[in-house]
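Using the sequences plus the hints, can you model the full thing?
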Amino acid sequence: MIITKLDFLVRAAIDHRTLVLWIEEEWLIPGRAADDLVFSEADLARARLIRDLTDDLGVNAEGVGVALHLLDQIHGLREAMAEVLKSIHGSEAVQIPGASRSSKPRQD
Amino acid sequence: MEDPYDSLGVARTATQDEIRKAYLRLAKKLHPDLNPGDKASETRFKAVASAYDFLSDAEKRRRFDAGEIDASGAEARHEKYYRDYASQGQPYASASGYADFADTDDFLSEIFRQQARRARGSDLHYSLAVAFLDAVNGATQRITLPNGGSLDVTIAPGVHHGQVLRLRGKGAPAPGEGKAGDALVEISIRPHPFFTRHGDNIHLDLPVTFAEAVLGAEIKTPTPTGPVMLKAPKGSNTGTVLRLKGKGVPRDGGRGDLLVKLKIMAPTEANPELDAFLTSWAPANYDPRRGMLT
Chain A
1 MIITKLDFLV RAAIDHRTLV LWIEEEWLIP GRAADDLVFS EADLARARLI RDLTDDLGVN
61 AEGVGVALHL LDQIHGLREA MAEVLKSIHG SEAVQIPGAS RSSKPRQD
Chain B
109 MEDPYDSLGV ARTATQDEIR KAYLRLAKKL HPDLNPGDKA SETRFKAVAS AYDFLSDAEK
169 RRRFDAGEID ASGAEARHEK YYRDYASQGQ PYASASGYAD FADTDDFLSE IFRQQARRAR
229 GSDLHYSLAV AFLDAVNGAT QRITLPNGGS LDVTIAPGVH HGQVLRLRGK GAPAPGEGKA
289 GDALVEISIR PHPFFTRHGD NIHLDLPVTF AEAVLGAEIK TPTPTGPVML KAPKGSNTGT
349 VLRLKGKGVP RDGGRGDLLV KLKIMAPTEA NPELDAFLTS WAPANYDPRR GMLT
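From first to last, the protein sequence lines stand for chains A and B.
The letter at position 13 of the first sequence is residue 13 when you use my numbering, and the numbering goes up by one with no holes.
If you count the second sequence from 1, you need to add 108 to reach my numbering.
One or more of the hints may lead you astray.
[Said to hold, decoys possible] Only pairs whose alpha carbons sit at most 16 Å apart, straight line, appear in this in silico EDC-like list of lysine to aspartate or glutamate: (1) B:K137 <-> B:E150; (2) B:K129 <-> B:D161; (3) B:K129 <-> A:D55; (4) B:K188 <-> B:E150; (5) B:K136 <-> A:D56; (6) B:K129 <-> A:D56; (7) B:K154 <-> A:D56; (8) B:K137 <-> A:D56.
[Unchecked claim] If you want a taste of the chain B side facing chain A, the calculated C-beta under 7 Å gives, among others: (9) K136; (10) D141; (11) P144; (12) K188; (13) Y190; (14) A194; (15) P199; (16) Y200; (17) A203; (18) S204; (19) G205; (20) Y206; (21) I219; (22) H233.
Please keep in mind that the hints were generated in silico from the structure rather than gathered at the bench.
Glycine included, C-beta positions come from ideal geometry on N, C-alpha and C.
Right under this line is the structure:
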């Protein structure tokens with residue numbers, strides 16, 4: 001679902017200057033509609049993560065960029081790993097270990 | 109819910125400062141976004157976060173300590189974390205953690221080459237204002253794109269305000285050989301001078317004369333699909349609602365209704381004949397404000 005800039009500011013609980021700064025730092029990369037910025041749920045979750053990092057986890061402004069860059073690499077690696085597993089197992093969807101166990105019918 | 113002191117691992121005598129420190133120490137370890145592959149960390153982090161929210165509220169903490177309330181009122185934090193979205197082909201994902209492997213390993217580089225080839229172009233967002241009747245009856249509308257091109261959008265009858273239409277393959281072209289992205293068109297419906305929409309029904313305030321209301325009449329009434337004759341029964345009044353079945357908004361297997369609310373309009377021009385009649389006309393028991401004034 002598309003989130004407008006105003007909704008995004010409200011739901012992420014940040015002000016406009018903060019948003020501009022985060023976009024300049026490329027911590028957020030919003031989409032662009034005809035005349036304004038538009039945001040996704042992923043952008044919103046990322047904004048909340050940035051707030052958790054600075055408010056609760058004691059990460060300062062310099063550190064946020066480092067933390068996000070490392071996290072983006074972890075997610076890139078997780079994607080790559082899922083891709084590799086998929087090609088090993090053929091076209092089957094890759095199951096997260098543990099998740100498949102509970103879906104098996106129990107044989108008592 | 110677990111005892112909030114146990115969740116944070118602090119003594120019941122802990123100061124606010126100690127509680128905050130304990131929370132920060134656990135949050136650094138347990139935050140779901142710092143443990144993208146660990147499903148259990150989310151449950152544990154939520155317990156810790158709500159315990160902290162609970163105990164950092166001095167009033168709630170005092171009442172809990174006095175045994176007046178239990179911790180079941182502790183609110184859960186926001187449900188979704190960034191990790192829940194990170195795999196959806198975001199602009200953020202980075203290959204710099206493994207690009208060197210792919211450069212030197214044929215197996216990996218082949219996989220990633222295929223992946224890159226399949227990568228879709230990005231989605232483009234547009235908004236489109238649609239006339240009220242076009243939204244009810246359906247229409248085709250053309251959007252002019254920033255690059256000078258245009259896009260024909262078919263608006264299905266009964267489209268909703270705020271609905272997003274997805275036009276497959278009409279977004280940005282893919283960087284490689286993948287498919288183009290989609291165009292996402294958010295519909296806003298312009299108001300109509302006399303129709304308003306309430307779900308599948310349409311409401312209309314229809315002005316009528318004294319005579320039409322009192323004597324009853326067949327009144328030519330606008331509907332979204334053209335005028336029809338509406339039968340107002342004898343003795344109708346302002347506020348009388350008449351239903352025209354199937355003249356509302358199209359929906360699966362039918363249409364909503366048009367609800368016509370009558371509104372008596374007194375003549376605005378001076379009319380000595382009417383004045384004379386009303387002055388001489390004094391029926392008994394005619395008091396529309398009966399029951400309002402004691």
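Now the hints, each set against the structure:
1. B:K137 <-> B:E150: holds (11 Å)
2. B:K129 <-> B:D161: holds (13 Å)
3. B:K129 <-> A:D55: Holds - the C-alpha atoms of D55 (chain A) and K129 (chain B) are around 13 Å apart, at most 16 Å.
4. B:K188 <-> B:E150: Given pair K188 (chain B), E150 (chain B) holds - Cα atoms ~10 Å apart, limit 16 Å.
5. B:K136 <-> A:D56: holds (8 Å)
6. B:K129 <-> A:D56: Within the cut-off at roughly 10 Å; holds.
7. B:K154 <-> A:D56: Given pair K154 (chain B), D56 (chain A) holds - Cα atoms ~14 Å apart, limit 16 Å.
8. B:K137 <-> A:D56: Roughly 12 Å separates the two Cα atoms, so the pair holds.
9. K136: With Cβ-Cβ at 6 Å, under 7 Å, it holds.
10. D141: holds (5 Å)
11. P144: holds (6 Å)
12. K188: Nearest chain A Cβ about 5 Å off; hint holds.
13. Y190: Holds: closest Cβ of chain A sits about 4 Å from Y190 (chain B), inside 7 Å.
14. A194: holds (4 Å)
15. P199: holds (4 Å)
16. Y200: Holds: closest Cβ of chain A sits about 5 Å from Y200 (chain B), inside 7 Å.
17. A203: holds (5 Å)
18. S204: holds (6 Å)
19. G205: Hint on G205 (chain B): holds, closest Cβ of chain A at ~4 Å, below 7 Å.
20. Y206: Since the shortest Cβ distance to chain A is 5 Å, the answer is holds.
21. I219: Because about 5 Å separates I219 (chain B) from the closest Cβ in chain A, which is inside the 7 Å limit, the hint holds.
22. H233: With a minimum Cβ separation of about 4 Å from chain A (threshold 7 Å), the hint on H233 (chain B) holds.
The structure agrees with every numbered hint stated previously.
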